[in-house]
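K.L.:
Reconstruct the complex from the two isolated chains, following the hints.
Chains as they are written, first to last, in the numbering used here: chain Z, 19 to 312; chain X, 445 to 603.
Treat the hints with care, since some could be wrong.
[Stated by the list, open to error] Covered stretches of chain X, going by a simulated chain Z footprint (3 or more residues, C-beta under 8 Å):
{"hint": "1", "segment": "460 to 468"}
{"hint": "2", "segment": "472 to 485"}
{"hint": "3", "segment": "493 to 507"}
{"hint": "4", "segment": "520 to 526"}
{"hint": "5", "segment": "571 to 581"}
Calculated from the structure, these hints are not laboratory results.
Note that beta-carbon positions come from the ideal geometry of N, C-alpha and C, so glycine has one too.
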Amino acid sequence: MAFGTHPPRSLPARGASPGFRFTLYAFLSVALMFLDQRSGWLERARYILQGAAYPIQLAVNSPSAAWHWLQDSFETREQLRAENQRLRTRTRVVDLRLLQFEALTRENAQLRGLAAALPPVAQRWLPAEIVNVELNSLRQRVLVNRGSSNGVFRAQAVMDDRGLLGQTTHVGPWSTEVILITDPEHAVPVQIERTGLRTIAVGAGTSGSLALPYLPGNADIRRGDLLITSGLGGVFPAGYPVARVAEVHRDAVQPLAQVRATPLGQIDSDREVMLIWFGEDKTAQMQPQKAKPR
Amino acid sequence: MSARMSEPWGRAILSSIVALIFTALPLPPPYDSFRPQLLVLVVFYWSIATPRAGGLTLGFAAGLALDIFQGPVIGQHALAMSLITYIAVREHQKIRSKPYFQQSLIALVILFLYEFVVFSIDGWSGHPITSPERWLHIATGAVIWPPLAALLGHTHNRR
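So here's chain X without its partners, still in its complex pose (with noise of 0.2 Å):
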């Protein structure tokens, strides 16, 4: 049945769209600095699931919605996307057959080395912001991503 084969695009737009959602609430400043890149895991989620229906270009396309929702400069965190979803569909088999605690790891992996695209971006493009505080959602990104695959993995597979 080709309705079984078919790529998760839908699950995979709409996911996006609500982690999107997510990183434009608002939150109390306490826990403001700790909420996690959703929108990344997500993104990354998929790539490394479905490198079809994620992959190269839903990364972009969620990278270029951050920049018009945060960033000082287009195409700051569409580059970052844009790196983070090559690495997580050219390794998606090496990554998928971990288990989630050495997924977590990896997704730490992951979460810095786009803190650290955008961070330098911020840097040379003059609008930079060394506080700590912007390196914090790496750990909570790492420490949520066993619940958040099951999560997608769940509504992924149930079909």
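With the rest of the complex left out, here is chain Z (with noise of 0.2 Å):
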């Protein structure tokens, strides 16, 4: 009665069998994973296809967008002055800060008298909204809801106000994927603002933790001291505030130390990033909405 290796009441899938299928599917993965590691035939694909997610991502997002949509609408209006208020008074302390941070860098300028060999300062920002979305929960990425429809590139810096998050990696039409320097691969170049001291700060794997690997035992770092960009490898503009060292381990037996920083943006809190051009010798300034030419 039965018959070989089928029994009569099982349904033999559509078509070929499913070893069959299993190895054309098994070959077309490793065909994929091999294209997108090894040559950028597939950022195109990558491309529409992150595209294509952005609906369902933000479909996702609608609930706590929503939330804070209702948050903000039902604000009082105490609270909104109170707020107001707030924002004026700091406004005048950035306004007069600004003031002294171009004459210093009239005079920063002048007293280099290179006007080639000055850093690049941020030129021009973005504002961009975080899509409330968990893309990899074992790696440090958060989605923008920016994309190459707003000019963004792949590796462009992005921060907040208070410091560096991470750089850009996906880019897809509307969307952009961003991987924070707090990603276990993520690395960035950085300079001890007391000593100048330079350094790579890498990523810890968790929110909220970065670790210098690279400094010697002897090295002149204190709890509580700033790491700024120091803008080698040119993806981030130089003398950016990026962590703040929070614990240095020295050991007898190991000839590296062991540095511990806390970064200064806050990632976890903030609902709106920056991202950031940067070139030429300006200070920055708002982008406008619509490109304009240049």
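P.N.:
Here it is, written out as structure tokens:
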């Protein structure tokens, strides 16, 4: 009655046998992985697929977006007034500091006398909102709601008003994946502000922690030192705050010091981040919403 | 009646999309690492329940979707999903006839296999994550298998 390996009740899968199909799909997956890793062939496909995934991600984001919208629209007059007052005070402080900063920049340029040797300064920025979507719980990545249609490019610096957050990795048409400086795969060239010592800060894999694994045991670094971007590598503009040293552990046996730092950018509480363009020796300006011809 | 005999394509695809949305739903950090890989379980369910509606094509497509959402390498989850759906389609009659408790244990093994493939490819492609947290979802996945299978079986047999 039973014939061979297939019992009669079994419905054979449509078309080819599962074994054949598995082989086919396995080869296809391996080919995709190879192409994705070794060549840029899949960049275009990734771009399109990221665009296709964006509506689903927006749908996932919509409850929290609706909640924020509700919160915003039911804020009382007093709250708004208080906030307005606070912001106005802050603007005044920032304006004053900016005046000083511009004077310093000019003076600095004169002192150096070499315009070409000046470190690049953030030139314009674009605010972007974080889409509240879990990309991968094991990696420190976020999705923001700006893409190549807004002029975002790969390996662009991302900051908030307190410090560096990360850089863009996969750019889609309307959304961009940002790899945070705390991701274990991310490294940012930094400088200790107090001493000028340059090193590399590597993500520790948990939010709120960076490691500085390449400092010798006798390096001049203390708890509370500010780390700023060194501008080496060209991805990040120089001189922007990154993190503050939280813990320095020196072991006589180990040749290297174990240093941990806490990033200044508050990714956990941010809803808005800034994408930075830099290159020329100009102070930052708000980017107009419509790209103006340059 | 041909409508009764038709395969539940719609429900398989719909539940997979719901599961995909669940994987992208933001959860606060402590619960985050316990989040089960619902999409893998749903695809596995359809592959053993109706190997025609589920099966390798659904598995491959779901894997690609996961790759877009979370993978550093395209094709990584697709390969893992093809492998587990292949096993499911091959052995679907044996697995289907088991009680829920034993199916849970099978789900445990399947999820482990899936995570192992993803983990290996992470390593080979140079994006290694060795934290033990990544294996946690296997246990929660096995725990939610009985209610999940009951729920999907309910929607699927009700007609």
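K.L.:
None of the hints should be skipped; say for each whether it holds.
P.N.:
Status of each hint after checking the structure:
Only when three residues or more bring their CB closer than 8 Å to a CB of chain Z does the claim for the segment 460 to 468 of chain X stand; here the count is 5, and the claim holds. Coverage of the segment 472 to 485 of chain X by chain Z holds [criterion: at least 3 residues with CB-CB distance below 8 Å; count 4]. Using a Cβ-Cβ cut-off of 8 Å, 8 residues of the segment 493 to 507 of chain X lie near chain Z, which meets the minimum of three, so the contact claim holds. Restraint check on the segment 520 to 526 of chain X versus chain Z: 4 residues with Cβ-Cβ distances below 8 Å, three needed, restraint holds.
Interface restraint, the segment 571 to 581 of chain X with chain Z: holds (5 residues with C-beta to C-beta distance below 8 Å; minimum three).
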